[in-house]
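Undergrad: So you can see what is in the structure, the chains are spelled out below.
Number of protein chains: 2
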Amino acid sequence: MYDLNKFQSKVTTIRKEIDSQLKLVLSKELPQTLYDPMRYMMSAGGKRLRPILLLLACEATGGNFKNGLDAAVAVELLHNFTLIHDDVMDQDDTRRGSPTVHKKWNVNVAILAGDGLIALSYKYLLRSNYHDLSRLGSLFSNTLLEVCEGQAYDKEFESKEDVLLPDYFKMVRKKTASLLSMCAETGGILGGGNEETITALRSFGLNLGIAFQIQDDLLDVMEEQEHTGKTWGSDIRHKKKTMLLIHARNEASSSDREVIEEILAKPNLDTQDVLVIKNVFRKAGTLSLSSQILDKHFNIARISLNKIKNTDGRMALEQYLESVINRTN
Amino acid sequence: MYDLNKFQSKVTTIRKEIDSQLKLVLSKELPQTLYDPMRYMMSAGGKRLRPILLLLACEATGGNFKNGLDAAVAVELLHNFTLIHDDVMDQDDTRRGSPTVHKKWNVNVAILAGDGLIALSYKYLLRSNYHDLSRLGSLFSNTLLEVCEGQAYDKEFESKEDVLLPDYFKMVRKKTASLLSMCAETGGILGGGNEETITALRSFGLNLGIAFQIQDDLLDVMEEQEHTGKTWGSDIRHKKKTMLLIHARNEASSSDREVIEEILAKPNLDTQDVLVIKNVFRKAGTLSLSSQILDKHFNIARISLNKIKNTDGRMALEQYLESVINRTN
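Those sequence lines, one after another, are chains Y and R.
Going from the first sequence to this note's numbering is simple: count from 1 and add 3.
Going from the second sequence to this note's numbering is simple: count from 1 and add 3.
Hints are all accurate, no fakes.
One-sided and incomplete, this derived list gives chain Y residues near chain R with beta-carbon spacing under 10 Å: (1) P34; (2) M92; (3) V110; (4) I114; (5) Y125; (6) S137; (7) L139; (8) G140; (9) F143; (10) L148.
None of these hints come from the bench; they were simulated from the model.
Where is the CB? At the ideal position from N, CA and C, for every residue including glycine.
With the sequences and hints as input, model every part of the structure.
TA: Next up, the structure:
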């Protein structure tokens with residue numbers, strides 16, 4: 004049996020190393036309007052889920068996590084770029100309980116800080132002379148492009164009335180899951196895994212990512228502001244085309260569908276509206292179906308790990324998966 | 004004597020090749036709100052100065068330009084990313100006589116189209132498995148970061164009253180010259196040039212870039228709308244801290260300086276204001292000094308080419324330099 008303490012101390016070591024690398028990356032001072040917001044964003048206390056996944060995948064395929072650090076730093080920088088630009092596009096004022104970059108400074112500063120994080124992220128990925136650099140760089144770039152495509156779909160959905168679940172899943176694969184998939188795959192390449200193992204890791208990351216997003220959609224109606232740093236029901240208030248809303252709009256009884264449409268037609272939604280819609284989610288079987296699909300993807304992720312021969316490495320990724328499954332924010 | 008027709012037909016061949024590559028790069032259709040604006044931007048008729056420089060430098064160091072095409076496509080995509088995001092930040096409504104991306108669509112679309120161009124640009128740079136990929140990728144990434152720094156300084160200058168010429172030159176080196184320098188250097192690396200030649204090419208691009216920006220500043224007060232697709236005197240109207248304005252504010256007679264400050268204090272400037280300021284530029288020696296500095300950098304660029312052994316390649320770069328010197332827009 005794999006020791007949970009061993010997993011936790013490994014993750015703590017990795018997280019510390021990533022945070023100290025990120026401090027180095029952002030030690031430059033000038034121009035202030037570029038480096039201050041980048042530093043602000045990177046020190047706002049993210050969970051570092053993506054670089055940790057990359058480094059655990061690197062160790063699970065026989066590598067030492069220290070060899071993957073540059074790539075791990077790169078994916079964390081890239082992830083934070085997406086957060087800054089997404090917040091601008093979504094006009095979100097807070098993230099992790101603090102003002103977003105465009106709110107603390109302005110939109111121009113946020114655009115440029117995001118651009119700067121992309122530059123830094125490639126700088127770290129490419130400086131290492133990894134022997135598979137063309138493969139790693141192409142994977143990284145295709146992922147960045149997919150993330151942009153996913154965000155474009157997400158924004159398109161806002162003004163589209165007939166979004167269906169397959170559209171949603173295409174968007175989620177690109178916007179959220181592709182980055183987690185790339186992290187696991189990159190770790191596998193850096194660790195020297197064989198192609199079968201790398202494919203398994205890619206599938207692990209992809210399914211984890213899809214589940215992760217559905218979980219986000221569910222947590223929004225389950226949890227309170229204290230836990231998430233987001234407002235409870237904020238997706239509903241923003242009329243976001245989540246898996247929940249898409250399903251309920253298509254599958255609820257016709258009277259319940261009318262209730263939803265009436266509420267969505269209002270300019271501003273209050274707590275009562277959120278409660279009513281949440282109740283429709285329950286009646287339409289939306290919540291239970293979402294939980295089932297969530298479980299299905301977590302299970303595919305779990306099964307993917309069977310391809311990994313290294314017992315300790317596999318178990319660390321299993322623990323990692325459990326920690327995501329059990330998250331409350 | 005190098006044949007001018009030979010140069011022109013080489014450039015025509017290169018430009019055609021780049022344009023047909025760019026068409027391939029952007030053949031994807033969906034999501035429409037990502038690919039339409041990217042395609043719109045890339046087909047708006049740029050001069051392709053940067054990829055041409057890269058490929059001429061590649062040939063001048065003994066390479067075949069076809070081997071550098073991926074990198075050339077990459078720099079053109081990267082350049083167009085900077086244009087889209089800069090137009091958002093500067094709230095410019097037209098470029099090359101057409102609506103800017105954020106004007107034709109909206110700011111969100113422009114942010115994402117810029118991000119997508121960065122992704123595509125790295126995709127093309129990294130897919131080739133160039134044997135110096137870590138060196139090329141690091142140079143590319145450091146340049147992107149410098150361009151962001153330059154843009155940050157440029158935006159900071161807008162609200163800073165005491166900008167001096169050294170500040171201006173630092174900004175121009177980063178924002179404009181670093182990209183041209185990187186193009187020449189990348190071409191030299193890809194062509195297999197020795198380190199001395201690569202250094203000379205870097206200096207060629209850097210000095211060309213600095214001169215290019217001063218030329219832009221000068222053309223703004225010299226040329227008419229028909230030539231540039233920009234409004235005549237638009238830098239003055241926007242109170243941009245160009246070399247001209249910075250110099251005149253520091254060096255004009257105290258009465259002329261008062262005239263400038265009075266005009267700049269107005270919310271909107273008209274043609275008469277532009278003419279008055281242009282007259283101060285002349286009286287303060289601003290126009291002649293700028294022309295001198297412009298010539299100095301063009302000369303350093305020209306002299307840098309002496310390090311290039313390949314006669315045809317050197318002469319092609321000389322012709323290229325002349326075509327930039329003689330540009331009217």
